[in-house]
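Novice: What follows is each chain in one-letter form.
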Amino acid sequence: MAKMSASRVAGIVREHEDQILLDWMNRQKESIATRRDLMNEPELQRQSREFLNAFVAGANGSIDNIHAPAWRPALELLNRISDSRAMQGFSPSETATFVLSMKQPLFTQLRKSVSDVDTLAEEIWTATLILDSLGLYTMEVFQKSREGVIMRQQQELLELSTPVVTLWQGILALPLIGTLDSARTQVVMESLLQRIVETGSLIAILDITGVPTVDTLVAQHLLKTIAAARLMGADCIISGIRPQIAQTIVHLGVDLNTVTTKATLADAFAIALRRTGRSVTAARGEVRDAKAQGSAAGAEA
Amino acid sequence: MERIPILKMGTYLLVSIQVDMHDQLAMQLQDDLTTRIAATGARGVLIDISALEMVDSFIGRMLGNIASMSRVPDAETVVVGMRPAVAITLVELGLSLPRVRTALDVERGMELLASSIAAAERDDDLADR
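So the sequence lines, in the order shown, correspond to chains U and G.
Every letter in the first sequence is one number past the one before it in this note's numbering, and letter 171, counting from 1, is 171.
Every letter in the second sequence is one number past the one before it in this note's numbering, and letter 97, counting from 1, is 97.
For reference, chain U alone in the conformation it holds in the complex (with noise of 0.2 Å):
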């Protein structure tokens, strides 16, 4: 019996193929008409008249499992569907009406197509099963590309948020953003043992003044950071410790003593700039001394 209706459902979509395709078109314009923008017409057809096809070459193989190898071209098809969809950024229910759109053409058709009752009744409810296992695999493809981009995201957020920039030679800084986690402080930590090595820095200053909060577990990662960077012979400054952090560190017990800790970047440079044996000098000295003169003169006066 199942086998005998699959040759129906099939068979009566190639004979009337132009028919559906023409009344699924319809249906389809009226919900892609606020999608102008992300979809044209002559794209939709071609989508659509490729489906049908596969549609066809499936339902031909078999009619209640849409994993059999009859319908891969069908899944391929909807795979790559969905997934432009997904990146074109069109609504979860919009992709799927792409699929459920065809019921009704379809079922119009089979009911002129079918006149015994009994029959109608079951092909009908062939074609509900087939196509709502579509509909449903192409929520899934949908799901899985926006999981995709949603991981991509994170990752380049991690990376994005973690910069080793080069202050001055021999002098490495790292403006930390955000909460620090141990995925994180991992991250951080090979970059800037990577960026040690490539530059031959000696000082690395850790700027925490973008860490919202400093608990226990963020310090544990904070000095865990600096003793490796302290094994590879470069010495570490902690900076930006707003005034909260500085009561909470000492009200959690964590020792800081052991680490240069400075209130601004500011004063951790010069201190860098210092160790490293260099010193900054304002350029304007003979601004100075002619005030100086200036002064001197008015005294005399």
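Because the hints were derived from the structure by calculation, they are not lab data.
Where a beta carbon is used, it is the ideal one built from N, C-alpha and C, also for glycine.
Check each hint, because a few of them may be wrong.
Stated by the list, open to error - Partner residues are not named here, just some residues of chain G that face chain U (Cβ under 10 Å, in silico):
#1 Val78
#2 Arg83
#3 Pro84
#4 Ala85
#5 Ile88
#6 Val100
#7 Ala103
Stated by the list, open to error - With the Cβ distance kept under 8 Å, some of the chain G side facing chain U (calculated, not the full set):
#8 Val80
#9 Leu90
#10 Leu104
As the list claims (entries may be wrong) - Distance windows between CB atoms, simulated:
#11 G/Arg122 with U/Asp181: 43 to 51 Å
#12 U/Thr276 with G/Ala118: 15 to 23 Å
#13 G/Met27 with U/Arg242: 44 to 52 Å
#14 G/Arg122 with U/Ala270: 25 to 33 Å
#15 U/Leu217 with G/Asp124: 44 to 52 Å
#16 G/Gly94 with U/Ile271: 27 to 35 Å
#17 U/Asp181 with G/Asp56: 22 to 30 Å
#18 U/Leu217 with G/Asp56: 24 to 32 Å
#19 G/Gly94 with U/Arg80: 49 to 57 Å
#20 U/Arg284 with G/Arg122: 35 to 43 Å
#21 U/Ser84 with G/Asp23: 55 to 63 Å
#22 U/Ala270 with G/Asp124: 27 to 35 Å
#23 U/Arg242 with G/Thr40: 48 to 56 Å
Position chain G against the provided structure of chain U, taking the given hints into account.
Specialist: Using the frame of chain U, we list chain G on its own:
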């Protein structure tokens, strides 16, 4: 029997670890190094581990021990050229080697040795007066 060579350069001893350290080798090095410090009266020891790719807790502890032992007969020890992966491993193992002096490369290690020995001598002179 495999051995890690110890080179004498003036008042310094140079050790470059070019092979994968195993436990026996580390014990041997510790033995040889203390003997050589005693024999030569070296003031500084420089251990280059830039070719060392893998460490375990034993080797990590050994590095710390060697540094502490050479300090007893008054020889400063500097470990140079540790790789990032090795540093991360040691820290994760809980061995941050707080008493070992470190430097990025051999050149900087030599500078560090020279300056710290000079500082120690200055302190001695001051104490003598």
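Novice: For every hint, state whether the structure bears it out.
Specialist: Going through the hints against the structure:
Annotation: G/Val78 was flagged as interfacial toward chain U, and the flag holds, the nearest CB pair being 8 Å apart, inside 10 Å. A distance limit of 10 Å between C-beta atoms decides the matter here; for G/Arg83 the minimum to chain U is near 8 Å, and the interface restraint holds. Hint status for G/Pro84: holds, given a least beta-carbon distance of 3 Å to chain U, under 10 Å. Hint status for G/Ala85 relative to chain U: holds, with the closest Cβ pair at about 8 Å, below 10 Å.
The interface hint given for G/Ile88 is met, as the beta carbon of that residue sits about 5 Å from the closest beta carbon of chain U, less than 10 Å. Hint status for G/Val100: holds, given a least beta-carbon distance of 8 Å to chain U, under 10 Å. Because the closest C-beta pair between G/Ala103 and chain U is about 4 Å apart, less than 10 Å, the hint holds. Residue-level restraint check for G/Val80 holds (minimum Cβ-Cβ distance to chain U is 7 Å; threshold 8 Å).
Interface restraint check: G/Leu90 against chain U, minimum CB-CB distance 6 Å, threshold 8 Å, status holds. For G/Leu104, the interface hint holds, the least distance from its beta-carbon to any beta-carbon of chain U being 4 Å, beneath 8 Å. Judged by the Cβ atoms, the range 43 to 51 Å given for G/Arg122 and U/Asp181 holds: they are separated by roughly 47 Å. Our hint of 15 to 23 Å for U/Thr276 and G/Ala118 holds, since their Cβ atoms are close to 19 Å apart.
A C-beta distance of roughly 49 Å is found between G/Met27 and U/Arg242, which places it inside the suggested range of 44 to 52 Å. Checking the proposed 25 to 33 Å range against G/Arg122 and U/Ala270 shows it holds: the Cβ atoms sit about 27 Å from each other. Remark: the range hint 44 to 52 Å for U/Leu217 to G/Asp124 is upheld by a beta-carbon distance near 45 Å. Checked against the hint of 27 to 35 Å, the pair G/Gly94 and U/Ile271 passes, with Cβ atoms roughly 29 Å apart.
Distance hint check: the CB atoms of U/Asp181 and G/Asp56 are about 27 Å apart, consistent with the given range 22 to 30 Å. Between U/Leu217 and G/Asp56 the beta carbons are some 26 Å apart, a value that agrees with the proposed interval 24 to 32 Å. In this structure, G/Gly94 and U/Arg80 meet the distance hint of 49 to 57 Å, their C-beta atoms being roughly 52 Å apart. Between U/Arg284 and G/Arg122 the C-beta distance comes to about 38 Å, which sits within the given range of 35 to 43 Å.
The hint said 55 to 63 Å for the Cβ distance between U/Ser84 and G/Asp23, and at roughly 59 Å that hint holds. Take U/Ala270 and G/Asp124: their Cβ atoms lie about 33 Å apart, and the range 27 to 35 Å holds. Between U/Arg242 and G/Thr40 the CB atoms are about 53 Å apart, so this pair conforms to the stated range of 48 to 56 Å.
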